Structure formats: C-alpha cells, structure tokens
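Number of protein chains: 2
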Amino acid sequence: MILLDGNHTSSVIRKEIQVKVTQFCQNDVRSPHLAAVLIGDNPASQTYVRNKIRACEEVGYASTLIRKPATITQEELLYIIKSLNDDPQIDGYIVQLPLPRHIDEHAINLAINPEKDVDGFHPYNFGKMALGLPSFHPATPMGIMMLLDRYQIETDGKHCVVLGRSNIVGTPIALLMSKKTKPGNATVTIAHSRTNQLKEICQRADIIIAALGIPMFVKSDMVREGAVVVDVGINKMDDPGSARGYRLVGDVDFPNVAPKTFAITPVPGGVGPMTITALIENTWKAFYKKW
Amino acid sequence: MILLDGNHTSSVIRKEIQVKVTQFCQNDVRSPHLAAVLIGDNPASQTYVRNKIRACEEVGYASTLIRKPATITQEELLYIIKSLNDDPQIDGYIVQLPLPRHIDEHAINLAINPEKDVDGFHPYNFGKMALGLPSFHPATPMGIMMLLDRYQIETDGKHCVVLGRSNIVGTPIALLMSKKTKPGNATVTIAHSRTNQLKEICQRADIIIAALGIPMFVKSDMVREGAVVVDVGINKMDDPGSARGYRLVGDVDFPNVAPKTFAITPVPGGVGPMTITALIENTWKAFYKKW
Numbered sequence: 004m005i006l007l008d009g010n011h012t013s014s015v016i017r018k019e020i021q022v023k024v025t026q027f028c029q030n031d032v033r034s035p036h037l038a039a040v041l042i043g044d045n046p047a048s049q050t051y052v053r054n055k056i057r058a059c060e061e062v063g064y065a066s067t068l069i070r071k072p073a074t075i076t077q078e079e080l081l082y083i084i085k086s087l088n089d090d091p092q093i094d095g096y097i098v099q100l101p102l103p104r105h106i107d108e109h110a111i112n113l114a115i116n117p118e119k120d121v122d123g124f125h126p127y128n129f130g131k132m133a134l135g136l137p138s139f140h141p142a143t144p145m146g147i148m149m150l151l152d153r154y155q156i157e158t159d160g161k162h163c164v165v166l167g168r169s170n171i172v173g174t175p176i177a178l179l180m181s182k183k184t185k186p187g188n189a190t191v192t193i194a195h196s197r198t199n200q201l202k203e204i205c206q207r208a209d210i211i212i213a214a215l216g217i218p219m220f221v222k223s224d225m226v227r228e229g230a231v232v233v234d235v236g237i238n239k240m241d242d243p244g245s246a247r248g249y250r251l252v253g254d255v256d257f258p259n260v261a262p263k264t265f266a267i268t269p270v271p272g273g274v275g276p277m278t279i280t281a282l283i284e285n286t287w288k289a290f291y292k293k294w
Numbered sequence: 004m005i006l007l008d009g010n011h012t013s014s015v016i017r018k019e020i021q022v023k024v025t026q027f028c029q030n031d032v033r034s035p036h037l038a039a040v041l042i043g044d045n046p047a048s049q050t051y052v053r054n055k056i057r058a059c060e061e062v063g064y065a066s067t068l069i070r071k072p073a074t075i076t077q078e079e080l081l082y083i084i085k086s087l088n089d090d091p092q093i094d095g096y097i098v099q100l101p102l103p104r105h106i107d108e109h110a111i112n113l114a115i116n117p118e119k120d121v122d123g124f125h126p127y128n129f130g131k132m133a134l135g136l137p138s139f140h141p142a143t144p145m146g147i148m149m150l151l152d153r154y155q156i157e158t159d160g161k162h163c164v165v166l167g168r169s170n171i172v173g174t175p176i177a178l179l180m181s182k183k184t185k186p187g188n189a190t191v192t193i194a195h196s197r198t199n200q201l202k203e204i205c206q207r208a209d210i211i212i213a214a215l216g217i218p219m220f221v222k223s224d225m226v227r228e229g230a231v232v233v234d235v236g237i238n239k240m241d242d243p244g245s246a247r248g249y250r251l252v253g254d255v256d257f258p259n260v261a262p263k264t265f266a267i268t269p270v271p272g273g274v275g276p277m278t279i280t281a282l283i284e285n286t287w288k289a290f291y292k293k294w
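As they're listed, the protein sequences go chains A and B. Count along the first sequence from 1, then add 3; that gives the number in the numbering used here. Count along the second sequence from 1, then add 3; that gives the number in the numbering used here.
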C-alpha cells in the first residue's frame, strides 16, 4: 500500500516554487503577492488563513492579511475587493469563507477580478475549467490532481467514483477527472446523498474520491482490493484519550480500508496540505503571466 | 414504451411562449429579438440557422440574420459581435459553428456579452451552470431537461449514464443531471472513448443519454429492460432505397432498443426540435429580464 503523502509532496512542490521565485524575482522583479481577506473571528477560518499566509512566506511570496470584524457591511467588503482588483502589487487574493450571514457570498465572488481569483470559484474560471480551457482551478481538486500526478497514479480509462457534488470539491474534481488530460481521462461517476446502491457503485470503483463530510463513511466492504482512495474529509471526532479531546478523521475508515488499497491518502497529511500548495501554485500563475 | 416526442413537446412549449409574447408585447413593449451570425456556406449550418430563424418567427419574435462570406477576418467578425453587444434591440444572438479555420472560435465566444449568450457557451454562463446558479444553459442539454420534465420522467436517485463528454452535450448534461434539481438529482456516470466495460456500465443505467456521434452505437444488449434512453445523435447513413440516398439515424439502434425501454426519444423528432425550443426559451429569458 502506497501512502499518498500530501505533506511530503507539498514540501517538494513548494521547494520547486521557492527556487523559481528566487531565480525569477531579482533586480526589478518583485515577488508574487497573495492577499487574504478574513472577516470575523471563526477559529477554523483563522487557522486556514494563517496556514495559507505562512505557506506564502515559506516560498518567498509577499502576503497581506486584511482582517475586518463580522459587522462589516457588504458595501465595505465590496470596496475592499475593488481595491484589491485595482492594486497592481496584488497578484491574487482569497476571501475566506464562510462570510457573515448578512453578506451575499455570491455577490462577493462575482466582484473578484477573475485574473486574481486564485481560489478559482468565479463562474468565469469555473466555466473555463468545465470547458477544459486553461484557468485557475479550485484549490482542493487541483491539489488532488497534483498529488495523483506526482505519484503517477494511473487514471486513464479507470472508473473514478466521486462521493459528493459540492462546488468546492465534488463537482470540480469530477470535471477534472473526466477531461482528456493526464491525470484525467477517467470514467467518472458523481454520487451523492440521493444515490441508490452506493456500496455497489463504490465496490466497482478503481478510484474513490470521498468528499462528503461524513466521518469514516467509506468502510472496508465498499472498497475493492487494489483501489486508490483519496480522502478529502476532515472531521473532528471526540477522543477523550487525546490531549485536545478530539482527533481528526477523514471520510474514510482508514485503519480498515488502507490495507486493501493500492494507494490512499491519510488524514491529516493527505489532501489538506495539497490544497494550500495548489493555492501557492495558482498565485505563481497569476504572478508569472504578467511578466 | 413511451415515445418522448420532441416535435409534439416543442410545439406545446412554443405555443406557450407565443401566448406569452402576445400578452406581454403590446403597446410600448417590442417583441423578443434573436440575431444569428452565419459565416460561409456550410449547408448544414445554413439549415440549422434557417430552422432557428423560422422557429423565432413562429413564436412572434423578431429575428435578424447576419451572413458573411468565409473570407471574413477575425477583426471584422469581432466588430459584428461588438455591434450586437451594443444594440439594445437585440436580446440574444448566436454565432453558428463551425467557423472558418482562420478564426479563433474561443476568442469569438469570449467576446459575446454573457447577457446575450443564448447558446450558453461563454465560460461565465457555463461556470454558473456548473455551480448550479441561474444562467443560460446550452440548448441541447437544456432541451433534454425540458423533455424529461414534460414527460415527468423520474430522475431523482436514478443512475444516469452519459455517453460522450463534449462541451456541447456530454459535459453540460452530466452537470445538469447531477444537480439538486427536478429533473436532476441523478447519480451520473460520464463515459467516453476511454471507458472500459462500457457495455456493463450501460446495462446498469436507469437512464442512458447517448451523445457520441456514432451511428447505432447503443445496442439492445447494452440496455436494461425498463430503461429511459435519450438519443442525441444525428448521423447520416447511406440508404439507396430512400429518395435522398441516405437516412438519419441516432446513436441508438432504435428498432432493437426501443421495445426494451420505458421511454425513448426517436431520431429525428426527439432531441433535435427540443434544442431549438431551448434556444427560443433562452431568448425569452434574455428579453424578459429587461422589462
């Protein structure tokens, strides 16, 4: 069984980017610059943004964190977006979700300049991806593709079952896996909460990508011998024995599933770090095309 | 076996639109107006455009046909696009494909104002569709959804196998069928030229949507008893016995498949007319939101 090690792969890719930054950004060429907008004080969002900023700094990017209280109005946030769009020093930026309830996430997303949309959720970028055109891909599915690529997992002609149809993971990874690309070129089944005979469908999969958000949903009897399993879930489970009182588990029952697989991602340390690496890669692309 | 009659369904929907046009467009309100741009003299393109224009007139729309020789430059065509974007009298327009080789189809597509993009192929609209947001949907998959809706074909929780992954049909119909909508909410498998065990995959389908462009590819032994079959193919087959020397066949071996199905579309007279009806519906939407 191969452990698809997202920490290791991320570290390799980030070093490659760091080398590019060092080589390219000399004399008159400034470093790539990612900005992050964080509204309110959701602890998980704070952690995510902190990790993204730290990863930027590691590879030699400039970074800017814009923090505002949850009481910010939509107009004020749209003004920040406009400033970021207009600022030639900012190559790309993210608006960390979720936003406070009184703010229309969709309106904010539409206001982002697609050329700086390194999260890849603007319809213009999402549409280009769906049409198979070059664009920024959303970070999580892009990170999965990078991981499969680095481990040279064969996907061509394989049957890939995607569990979940979210805009963030399920739908875009299904699109990417179905395209005539490498990795890609897979037969893709999009399964979800309404799917009948899910167990049988999973049993026939060469590749399972689990993105449901249900702890340890994928059991050993759903996975066939020699399958590749990618676990996108990050769920907290009570664990009185641990110092924090909980532990992180994925959407896959790892201890029982892993021995049957050809390759599998751990949680944590699988897809998670690759997501941030994909964001770093997108920021490089946003930066590089200007020069 | 239910014949999913695209001619009849189209005629019903077009009459409904005609009634809306008659009721809404009085006094100061002009009729919806669709323009079509036709470059060169490809006979099939001429027929398609003629049928679209005729359908517009039937429902009481205004229509404009812009014909230019195949020698037109890309700049000239872009200028026409700009004029159409700027003309407040034009609600929507289509640029009939294929375009001459020296013209970059992608650049033309990007130049279309998404608000007038009644073909739904601009990345902005395609992305909104992929994200499950309101937008113009491409005509063929939209026509299929309308047909399934009118015949109240149950799709919720069903397994739908889409044969083909084109941007025009396969990819968008897979997206639409997988969304939490009615019709929709299906488990969707996207199969294509690289798919292994295609026969077995089709045998397990509750719904097959064939969009490969291979005459009579779907045989009786690939379809399970009681399945719903939607045939998107329109292929010419030599037929010395017919007046024209050929006949139109779909991607499905209709005579042998039909008796096994719960419901099936004929070719011609199935998806074809629904495609034009979807365009008419999109043009109504483009028009109506202005008033």
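There may be inaccurate statements among the hints.
Note: identical chains are not told apart, hence a pair may lie in one copy or across any two.
[Claimed, not checked] The list that follows gives simulated cross-link-like pairs (lysine-lysine, DSS-like), each with its CA atoms no further than 27 Å apart:
(1) K288 with K23
(2) K71 with K202
(3) K183 with K222
(4) K182 with K202
(5) K18 with K239
(6) K263 with K71
(7) K239 with K85
(8) K85 with K18
(9) K85 with K182
(10) K292 with K222
Hints listed in this document are in silico derivations from the structure and should not be mistaken for laboratory results. Given the structure is predicted, the values throughout are model-derived calculations rather than measurements.
Evaluation of the provided hints:
| no. | hint | verdict |
| --- | --- | --- |
| 1 | K288 with K23 | within (12 Å within a copy, 49 Å between copies) |
| 2 | K71 with K202 | neither (45 Å within a copy, 56 Å between copies) |
| 3 | K183 with K222 | between (31 Å within a copy, 26 Å between copies) |
| 4 | K182 with K202 | both (25 Å within a copy, 21 Å between copies) |
| 5 | K18 with K239 | neither (30 Å within a copy, 56 Å between copies) |
| 6 | K263 with K71 | neither (47 Å within a copy, 62 Å between copies) |
| 7 | K239 with K85 | neither (36 Å within a copy, 53 Å between copies) |
| 8 | K85 with K18 | neither (32 Å within a copy, 46 Å between copies) |
| 9 | K85 with K182 | neither (34 Å within a copy, 32 Å between copies) |
| 10 | K292 with K222 | neither (44 Å within a copy, 49 Å between copies) |
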